[in-house]
Amino acid sequence: MKNDTPKGMTNFDDLSGIDPAVESLLGQVQHRRVEAHLPKNERSRIKKERERAEKRKPNRINLDLPQDLKKRLQLLAKKEGVPVSQLVAFLLYEPVFQLENRTISLWDYKSASGCPKFECNLNLKRRAEEVSRKS
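One point on numbering: in the numbering used here, the residue at position 96 of the sequence shown is 706, and numbering is uninterrupted.
Misleading hints may appear alongside valid ones.
The following label-pair restraints were derived from C-beta to C-beta distances [said to hold, decoys possible]:
1. L635 x L702: 35 to 43 Å
2. E739 x E710: 36 to 44 Å
3. D674 x R712: 24 to 32 Å
4. L679 x D629: 33 to 41 Å
5. R712 x L635: 46 to 54 Å
6. S715 x K658: 42 to 50 Å
7. S721 x E645: 46 to 54 Å
Hints in this document: simulated from the structure, not taken from any laboratory. Ideal Cβ positions, reconstructed from N, Cα and C, are used throughout, including at glycine.
Assemble the whole structure, with the sequences as input and the hints as a guide.
Written out as structure tokens, the structure is:
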């Protein structure tokens, strides 16, 4: 077996069963090592891309969406030629305003949560069925 690791460098590729946090750090080191061998303009592009992603972090939120809703959003965004995130933000403004002003309520969709972090869960399936019946 040929060893492609440069002299003085440790090969971390064959480690197994390591802690995920350690694995992540090793992955970052690997990426830096690969980037160091890229042409200067490519390194600059990657750096700018990383900086743009860092600036977007305060605006980011991770959501767990039902698969069918996610697919529908992706199709609509593609059809409209806009990013999915902007489509979702556009669609959320009115219901958020309505919830804040108590013109709509979540009460009928709430059920007790078994999770200590949240008091309730929402019945999204029921909401989807009601919305599709109205249309």
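List of violated hint numbers, smallest to largest: 2
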